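Sequences and hints are given; from them, build the entire structure.
Position one of the sequence shown corresponds to residue 19 (our numbering), numbered consecutively onward.
Simulated from the structure, these hints should not be mistaken for lab results. A few of these clues could be false.
[To be verified] Calculated lysine-lysine pairs in the DSSO-like style (CA-CA distance at most 27 Å, straight line):
no. : residue 1 : residue 2
1   : 106       : 64
2   : 29        : 74
3   : 29        : 106
4   : 74        : 64
5   : 29        : 64
6   : 106       : 74
[To be verified] Restraint-style ranges between C-beta atoms, simulated for each label pair:
no. : residue 1 : residue 2 : range
7   : 94        : 62        : 19 to 25 Å
8   : 47        : 115       : 36 to 42 Å
9   : 72        : 112       : 31 to 37 Å
As the structure is a prediction and not an experimental result, all values here were calculated from the model. From the three backbone atoms N, C-alpha and C, an ideal C-beta is built for every residue, glycine too.
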Amino acid sequence: MGGFSLLSRIKIVVVDDCSSDQTPSVLEHFQENLRNGGWGDNFQWKFIRHERNRSKGASLRAGLEYADTELTVFHDADLEYHPRNLLKMVPLFLEQDTDAVFGSRVLPSEFKRALFYRHGLGNRLITFLVTRDPNAFMLYWPSFV
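As structure tokens, this is what we get:
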């Protein structure tokens, strides 16, 4: 694990937009588990906490200040999209010689979460009415932004 070069190129930036949950302690526990499992020293970490709610846009901009890696991915903490979907996006991104790849709730995926019927129906309706999904995965070169 320690010699895997891809892991040494990963930087995780967490921006906590003044959440009322236990984000700092959960992140600390997660980092400790990674270290105990032999993974923790391979990742670079940056934790940013806003003392007041500043908006999603402000959080994205704050995270971008530390995006000095080859690729950048935004992923909301509510896990609306399964992180394994990133594994499908990266090859597409690299093989198609593109500047950005965006995930979508409209496109089929083998990674689905269970929803109540009314929630799923409402979610699909709203998604089709919105031209751009603001919560989608976003994968791009930092110079693209």
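Status of the hints after comparison with the structure:
no.: 1; hint: 106 with 64; in the structure: 25 Å, holds
no.: 2; hint: 29 with 74; in the structure: 20 Å, holds
no.: 3; hint: 29 with 106; in the structure: 19 Å, holds
no.: 4; hint: 74 with 64; in the structure: 18 Å, holds
no.: 5; hint: 29 with 64; in the structure: 8 Å, holds
no.: 6; hint: 106 with 74; in the structure: 25 Å, holds
no.: 7; hint: 94 with 62: 19 to 25 Å; in the structure: 21 Å, holds
no.: 8; hint: 47 with 115: 36 to 42 Å; in the structure: 40 Å, holds
no.: 9; hint: 72 with 112: 31 to 37 Å; in the structure: 33 Å, holds
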